[in-house]
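Here the protein sequences come in this chain order: L and A.
Just so you know, the working numbering puts 103 at position 103 of the first sequence, and the rest follows in order with no gaps.
Just so you know, the working numbering puts 201 at position 87 of the second sequence, and the rest follows in order with no gaps.
Since the hints were made in silico from the structure, they are not lab data.
Heads up, a few of these hints could be off.
[As the list claims (entries may be wrong)] Below, a list of computed lysine-lysine pairs in the BS3-like style, where the Cα atoms sit at most 25 Å apart:
{"#": "1", "chain 1": "A", "residue 1": "Lys212", "chain 2": "A", "residue 2": "Lys184"}
{"#": "2", "chain 1": "A", "residue 1": "Lys212", "chain 2": "A", "residue 2": "Lys170"}
{"#": "3", "chain 1": "L", "residue 1": "Lys68", "chain 2": "L", "residue 2": "Lys78"}
{"#": "4", "chain 1": "L", "residue 1": "Lys24", "chain 2": "A", "residue 2": "Lys183"}
{"#": "5", "chain 1": "A", "residue 1": "Lys212", "chain 2": "L", "residue 2": "Lys78"}
{"#": "6", "chain 1": "A", "residue 1": "Lys170", "chain 2": "A", "residue 2": "Lys183"}
{"#": "7", "chain 1": "A", "residue 1": "Lys212", "chain 2": "A", "residue 2": "Lys183"}
{"#": "8", "chain 1": "A", "residue 1": "Lys212", "chain 2": "A", "residue 2": "Lys140"}
{"#": "9", "chain 1": "A", "residue 1": "Lys170", "chain 2": "L", "residue 2": "Lys68"}
[Stated by the list, open to error] Computed list of chain L residues with no C-beta within reach of chain A, every gap over 10 Å:
{"#": "10", "residue": "Val4"}
{"#": "11", "residue": "Glu14"}
{"#": "12", "residue": "Ile26"}
{"#": "13", "residue": "Asp56"}
{"#": "14", "residue": "Met60"}
{"#": "15", "residue": "Arg64"}
{"#": "16", "residue": "Pro70"}
{"#": "17", "residue": "Ser73"}
{"#": "18", "residue": "Pro84"}
{"#": "19", "residue": "Phe100"}
{"#": "20", "residue": "Ser107"}
These numbers come from a predicted model, not from an experiment.
Where is the CB? At the ideal position from N, CA and C, for every residue including glycine.
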Amino acid sequence: DAGVIQSPRHEVTEMGQEVTLRCKPISGHNSLFWYRQTMMRGLELLIYFNNNVPIDDSGMPEDRFSAKMPNASFSTLKIQPSEPRDSAVYFCASSTTGQFYGYTFGSGTRLTVV
Amino acid sequence: SQQGEEDPQALSIQEGENATMNCSYKTSINNLQWYRQNSGRGLVHLILIRSNEREKHSGRLRVTLDTSKKSSSLLITASRAADTASYFCASRMDSSYKLIFGSGTRLLVRP
Numbered sequence: 001d002a003g004v005i006q007s008p009r010h011e012v013t014e015m016g017q018e019v020t021l022r023c024k025p026i027s028g029h030n031s032l033f034w035y036r037q038t039m040m041r042g043l044e045l046l047i048y049f050n051n052n053v054p055i056d057d058s059g060m061p062e063d064r065f066s067a068k069m070p071n072a073s074f075s076t077l078k079i080q081p082s083e084p085r086d087s088a089v090y091f092c093a094s095s096t097t098g099q100f101y102g103y104t105f106g107s108g109t110r111l112t113v114v
Numbered sequence: 115s116q117q118g119e120e121d122p123q124a125l126s127i128q129e130g131e132n133a134t135m136n137c138s139y140k141t142s143i144n145n146l147q148w149y150r151q152n153s154g155r156g157l158v159h160l161i162l163i164r165s166n167e168r169e170k171h172s173g174r175l176r177v178t179l180d181t182s183k184k185s186s187s188l189l190i191t192a193s194r195a196a197d198t199a200s201y202f203c204a205s206r207m208d209s210s211y212k213l214i215f216g217s218g219t220r221l222l223v224r225p
């Protein structure tokens with residue numbers, strides 16, 4: 001398995017533009033997580049999907065953020081409109097459902113909003 | 115907000131020495147996990163210790179868990195330059211899907 005695949009690796013966009021981040025989880029993993037990492041706030045959980053259904057989106061900062069998982073092999077995180085404070089590294093992670101499994105993380109998308 | 119806090123924030127050692135990192139958490143947990151993050155990369159799962167376990171080994175890694183003190187430690191023995199990375203603890207509460215990550219320890223192993 002190629003692991004969790006995220007695209008793009010880097011994204012530079014202007015304030016106000018729409019940004020879409022993509023994730024392909026590991027086949028067979030039925031839990032998917034989006035995290036955001038910044039120096040100030042560390043790793044923050046944004047949203048959690050189980051079997052393609054959003055279970056908890058309480059970490060999504062505001063209505064400008066939305067996430068979808070149309071099928072078991074694809075998820076998107078969209079920011080519209082983007083703002084400079086959204087600049088961060090966004091990680092997607094997947095896992096087998098269950099208490100005693102670790103997460104497999106993608107390499108992340110480094111987003112810079114100018 | 116993050117549940118875990120780690121210390122030290124940064125650690126610099128010579129190759130061959132042991133590195134010890136500590137993690138504290140605030141609430142009752144089901145298990146605690148350690149992850150490594152190399153610069154510019156995603157996190158990699160290293161080891162998981164259950165709340166009813168006190169110590170666990172994996173290769174050069176040794177993890178301890180003290181639930182009475184709500185703390186854990188990660189020991190890397192005979193460190194190598196390739197161990198240079200940030201290390202994060204992550205706690206999982208009972209009946210929760212969430213992993214709450216600590217602030218991390220930046221480890222530098224000097225050749």
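Hint check results:
1. Pair hint Lys212 of chain A plus Lys184 of chain A holds up; C-alpha atoms about 18 Å apart against a cutoff of 25 Å.
2. Of the pairs offered as hints, the one joining Lys212 of chain A and Lys170 of chain A holds, with about 22 Å between alpha carbons and a cut-off of 25 Å not exceeded.
3. Distance restraint check for Lys68 of chain L and Lys78 of chain L: the Cα-Cα separation of roughly 8 Å lies within the 25 Å cut-off, and the hinted pair is therefore satisfied.
4. Taking the CA atoms of Lys24 of chain L and Lys183 of chain A, the gap is near 39 Å; set against the 25 Å cutoff, the hint is violated.
5. A distance of roughly 22 Å separates the Cα atoms of Lys212 of chain A and Lys78 of chain L; the hinted pair therefore holds under the 25 Å criterion.
6. Using a Cα cut-off of 25 Å, the hinted pair Lys170 of chain A and Lys183 of chain A holds, with the two alpha carbons roughly 17 Å apart.
7. A threshold of 25 Å between alpha carbons decides the hint, and for Lys212 of chain A with Lys183 of chain A the separation of about 21 Å falls inside it, so the pair holds.
8. Distance check on the hinted pair: Lys212 of chain A and Lys140 of chain A sit about 14 Å apart at the alpha-carbon level, within 25 Å; holds.
9. The suggested pairing of Lys170 of chain A with Lys68 of chain L is violated, with an alpha-carbon distance near 38 Å, which exceeds 25 Å.
10. Not every beta carbon of chain A lies more than 10 Å from that of Val4 of chain L, the smallest distance being close to 7 Å; the non-interface claim is violated.
11. No Cβ of chain A approaches the Cβ of Glu14 of chain L within 10 Å, the least distance being about 24 Å, so the stated non-interface status holds.
12. Non-interface call for Ile26 of chain L relative to chain A: holds, since the shortest CB-CB distance, roughly 12 Å, exceeds 10 Å.
13. Not every Cβ of chain A is farther than 10 Å from the Cβ of Asp56 of chain L; the closest lies at roughly 8 Å, contradicting the non-interface assignment.
14. Once the 10 Å rule is applied to beta carbons, Met60 of chain L is consistent with being away from chain A; the minimum gap is 14 Å.
15. With a least CB separation of 21 Å from chain A, Arg64 of chain L remains clear of the 10 Å interface cut-off, as annotated.
16. At the 10 Å boundary, the C-beta of Pro70 of chain L stays outside the reach of chain A, the nearest C-beta of that chain being 21 Å off.
17. A cut-off of 10 Å between C-beta atoms confirms that Ser73 of chain L is not in contact with chain A; the least separation is 18 Å.
18. With a least beta-carbon separation of about 21 Å from chain A, Pro84 of chain L lies farther than 10 Å from that chain, consistent with its non-interface assignment.
19. A cut-off of 10 Å between C-beta atoms contradicts the statement that Phe100 of chain L is not in contact with chain A; the least separation is 6 Å.
20. At the 10 Å boundary, the C-beta of Ser107 of chain L falls inside the reach of chain A, the nearest C-beta of that chain being 5 Å off.
In terms of the numbered hints stated before, the structure departs from hints 4, 9, 10, 13, 19 and 20, listed from lowest to highest.
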